[in-house]
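Below are the chains, spelled out letter by letter.
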Amino acid sequence: MTATLDAPTPAAATAAAALPAPPPAYRTPIVLAVLAVVTAVMALATPAGATNVRISTNTDLFQIPVFAVPGRATAWLLTVLVLAAAAYAFVLARGRRRIPVWVIVVAGVCALLALLVLISAGKTQVVPVTGLLAGTLFLATPLVFGALSGVVCERVGIVNIAIEGQLLAGAFAAAVVASMAGSAYVGLIAAPLAGVAVGALLAFFSIRYQVNQIIVGVVLNVLVVGLTSFLFSTVLRENPQLNSRTALPTLPIPLLSEIPLVGPVLFRQNLLVYLMYAIVIALQILIFRSRWGLRLRAVGEHPKAADTVGIDVNRTRWRNTLLGGAVAGLGGAFFTVASGLAFGKEMTAGRGFIALAAMILGRWSPTGAVAAAVVFGLSDQLRILMATLAVPVPSQFLLMLPYVVTILAVAGFAGKVRAPAAEGIPYVK
Amino acid sequence: MKKSLVTVAGATALALTLAACGSAPDSGSDATGEATGGAEATTAEAIDVVDGFKACMVSDAGGYDDQSFNQSGKEGLDRAAADWGIATNAVESTSDADYGPNIDSLIDDGCTYIIGVGFLLAPAIAEAAQANPDIEFGLIDSALSNPDFSPLVLDNVKPLLFNTAEAAFLAGYAAAGMTQSGTVGTFGGLPIDSVEIFMDGFSDGITQYNEDNGASVTLLGWDKAAQTGSFTGDFDNQANGTTVTQGFIDQGADIVMPVAGPVGLGAATALQSGGGTLIWVDSDGFLSTDFGDITLTSVMKQIGQAVHDSIKDAAEGNFSNEAYVGTLENGGVGLAPWHDFESKVPAELSAKIDDYKQQIIDGTFTVESENTP
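So the sequence lines, in the order shown, correspond to chains A and B. Using the numbering used here, you'd call the opening residue of the first sequence number 1 and step up by one each time. Using the numbering used here, you'd call the opening residue of the second sequence number 1001 and step up by one each time.
Misleading hints may appear alongside valid ones.
Below are the SDA-like pairs computed for lysine to any residue, each with C-alpha atoms no more than 20 Å apart in a straight line [unchecked claim]:
#1 A:Lys123 / B:Thr1218
#2 A:Lys123 / B:Gly1252
#3 B:Lys1344 / B:Gly1292
#4 A:Lys123 / B:Ser1216
#5 B:Lys1357 / B:Asp1212
#6 A:Lys304 / A:Ala419
#7 A:Lys123 / B:Ser1181
#8 B:Lys1312 / B:Asp1051
#9 A:Lys123 / B:Asp1223
#10 B:Lys1054 / B:Ser1216
#11 B:Lys1312 / B:Ile1047
#12 B:Lys1312 / B:Val1325
#13 B:Lys1352 / B:Thr1327
#14 A:Lys304 / A:Lys123
#15 A:Lys123 / B:Ala1226
#16 A:Lys123 / B:Phe1341
#17 B:Lys1352 / B:Phe1341
#18 B:Lys1344 / B:Asp1355
#19 A:Lys429 / A:Asp307
#20 B:Lys1352 / B:Asn1210
Not close to chain B: a few residues of chain A, all C-beta gaps over 10 Å, as computed [said to hold, decoys possible]:
#21 Arg27
#22 Val38
#23 Leu44
#24 Ala45
#25 Gly122
#26 Ile285
#27 Arg315
Label-pair restraints from in silico Cβ distances [said to hold, decoys possible]:
#28 B:Ser1216 / A:Ala73: 44 to 52 Å
#29 B:Glu1127 / A:Asn212: 33 to 41 Å
#30 A:Tyr185 / B:Asn1318: 55 to 63 Å
#31 B:Asp1109 / A:Asn212: 30 to 38 Å
It should be emphasised that the hints constitute simulated quantities derived from the structure, not laboratory data. All figures in this text were calculated on a predicted structure; none of them were measured in a lab. Glycine included, each C-beta is placed from N, C-alpha and C at the ideal position.
Could you build the full structure based on these sequences and the hints that come with them?
See below:
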């Protein structure tokens, strides 16, 4: 999504001064033009009839009734908008100017809306926009936590493949401790501690003993799966009171939660989601604007240089690997206390690996990770909506959709990404 | 560095070993042991067990505490051990890659009758059965097929199948009669026969109710004619069950039947907060889950009973490769009691459901499904 934003790199700029102007970068306009064609095809395929749209929930203060929009007309209008975005991008590219993000976002959202119109026109079912967005956020939450953990660890030079294990350990600890204490909030304290424990193992082997970090991460995932499944089958099975359901209550924020559309989605959530907002904002500022962040990145990019100016490389790595573990562990609480569920075996079901993809697609930045996680959550949610609306596509193909999006996103749109230079390399003085 | 690797590998191996044999020794006497509901007709008469007989079981990745079919299968095995003092062994698979090695380890352990729980074990069972013609196998929920999907019948493999469409039909009829909003939903874990057969029967029950009563109850999540519908993609990620169910609720559904093992628990939380009602599958959800208060009924599959009976046959030396098919008639499938909903289900609806049950048993009414075993 953010692939082509930094087209004129500093190197290219200096080269441009000496050499004839470089050829215009037509990549983004071409992608947008293809998107316009796809949207037009979708508009052509849209059946006659109206799409029923609902943008309020039953508990909203201001009720907006379900309204119908004409399917075909809307689809063509959206096609024109995508086409306009593509044309504008061509003009900008010709003038060798940067294409702003909003052009790409507008085109993407229009194409998405055209898809929604295509699958819902002429049907009695509604398109629950609020439900769609709320579901997207719900599915994106563990991915955001996992990706943020990856950002912190990899920025400091430690590859964190163990996100999956940290999520699972967090889910387990949150469920068990919350059951013992009888309060879901206590589970939110236990979850990051479990993540820290897994992070500590990762740091211990990869920093202290310089074991290949990818191997340690994979092994830790297997260890956590084995350990939690074993405890689940033995201790928790014999003592069901240790694994009862506790749920974080929903805390609507006054006023904000009454904003139509976005209110119920963003501000009618539980504490874990509010914590996620805070952590994203804090990390985005701290990593790029604070002394801690500068040191973090220095250690991940050029540890020798960092060492020369007096930064203790391995101590910095230790601390931030633990911090990353805590973030992922907290995210694990999503699966149990934040969803009102007891712990179930392997209930993270590979979300940690999708989080890893979100981190790469988000180019190792917190806001990028959020954007990528939302794209993955949305594709999952779209698949679910398409099945609910009985789109005549075999179920197996629908199940593939989120993974196809992941592959396309990572391989296609991420373009040239650059990992922190010293990532995965143990630092020995 | 070398040392630490060994430590990690050792710890992992230990954890895995522990996980693998974790639930083997107990004998299903816990609370969920009662979940088999109607089929408690255990008459533990003594039987002549063939010398050296040992009944064993391999779970699929769900494990023996999935509150679903692996658990039911294990209960049947444990009951056989308790009733006749048969030697047993059960191993749990943690991933799809474990099936073959687990079966091999049971063969090495001296097992003579090995039951694989679930459709996903079919290829591994077929391979092991062909390599070991003197060992008998049972396979729950699936018949064997060749790699080109043509049916495969082996002399030493007995498929244990369930015509769950019959019971799901009754559940669909009940759901259509009980819905306030006129919309109900169903979704599966993976699009496989043993899941889709529930959805087929459920869909037919709703259609039949609409015909009988001139109603227009709609079903979300399954199109029987096209055989497409809603699936979460696995039997682990409970959050997906919540999202799918929330999607149904957004469309006005008030009764949902998840056919997805533990993922159904995610559906239950969404229904609980959205004021909906649940229809559980495989076991009696009123007893086996803690969502009894919102469980209208359950489509039960008496896997435990089928396992128990097939072990008896094999132990007496009467093994046959003829498929066992559980039906309403032989009690292999059934609809659970209403429990908390007893007073809320209208008497005429309940009577109509009993009537259909009798017609299906008599053979005067058949539930058609292309997923019927």
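Hints, verified against the model:
1. A:Lys123 / B:Thr1218: With Cα atoms ~13 Å apart, Lys123 of chain A and Thr1218 of chain B stay inside 20 Å; holds.
2. A:Lys123 / B:Gly1252: Holds - the C-alpha atoms of Gly1252 of chain B and Lys123 of chain A are around 14 Å apart, at most 20 Å.
3. B:Lys1344 / B:Gly1292: Holds, at about 14 Å.
4. A:Lys123 / B:Ser1216: holds (15 Å)
5. B:Lys1357 / B:Asp1212: holds (15 Å)
6. A:Lys304 / A:Ala419: holds (17 Å)
7. A:Lys123 / B:Ser1181: This hinted pair holds, its Cα atoms lying about 17 Å apart.
8. B:Lys1312 / B:Asp1051: holds (14 Å)
9. A:Lys123 / B:Asp1223: Given that 20 Å is the threshold and the Cα spacing comes to 15 Å, the pair holds.
10. B:Lys1054 / B:Ser1216: violated (53 Å)
11. B:Lys1312 / B:Ile1047: holds (8 Å)
12. B:Lys1312 / B:Val1325: Between Lys1312 of chain B and Val1325 of chain B the Cα gap is close to 16 Å, so the pair holds against 20 Å.
13. B:Lys1352 / B:Thr1327: Holds, at roughly 19 Å.
14. A:Lys304 / A:Lys123: violated (63 Å)
15. A:Lys123 / B:Ala1226: Distance of about 17 Å is within 20 Å: holds.
16. A:Lys123 / B:Phe1341: violated (33 Å)
17. B:Lys1352 / B:Phe1341: Cα-Cα ~16 Å, so holds.
18. B:Lys1344 / B:Asp1355: holds (19 Å)
19. A:Lys429 / A:Asp307: With Cα atoms ~9 Å apart, Lys429 of chain A and Asp307 of chain A stay inside 20 Å; holds.
20. B:Lys1352 / B:Asn1210: Cα-Cα ~13 Å, so holds.
21. Arg27: Non-interface label stands for Arg27 of chain A: nearest chain B Cβ at 33 Å, farther than 10 Å.
22. Val38: holds (23 Å)
23. Leu44: Leu44 of chain A clear of chain B: closest Cβ-Cβ about 23 Å, beyond 10 Å.
24. Ala45: Non-interface label stands for Ala45 of chain A: nearest chain B Cβ at 18 Å, farther than 10 Å.
25. Gly122: holds (15 Å)
26. Ile285: holds (30 Å)
27. Arg315: The assertion about Arg315 of chain A holds, with a minimum of 20 Å to chain B.
28. B:Ser1216 / A:Ala73: 44 to 52 Å: violated (29 Å)
29. B:Glu1127 / A:Asn212: 33 to 41 Å: holds (34 Å)
30. A:Tyr185 / B:Asn1318: 55 to 63 Å: Holds, at about 59 Å.
31. B:Asp1109 / A:Asn212: 30 to 38 Å: Holds, since Asp1109 of chain B and Asn212 of chain A (Cβ atoms, about 36 Å apart) stay within the stated range.
Checked against the numbered hints given earlier, the structure breaks hints 10, 14, 16 and 28 and satisfies all the rest.
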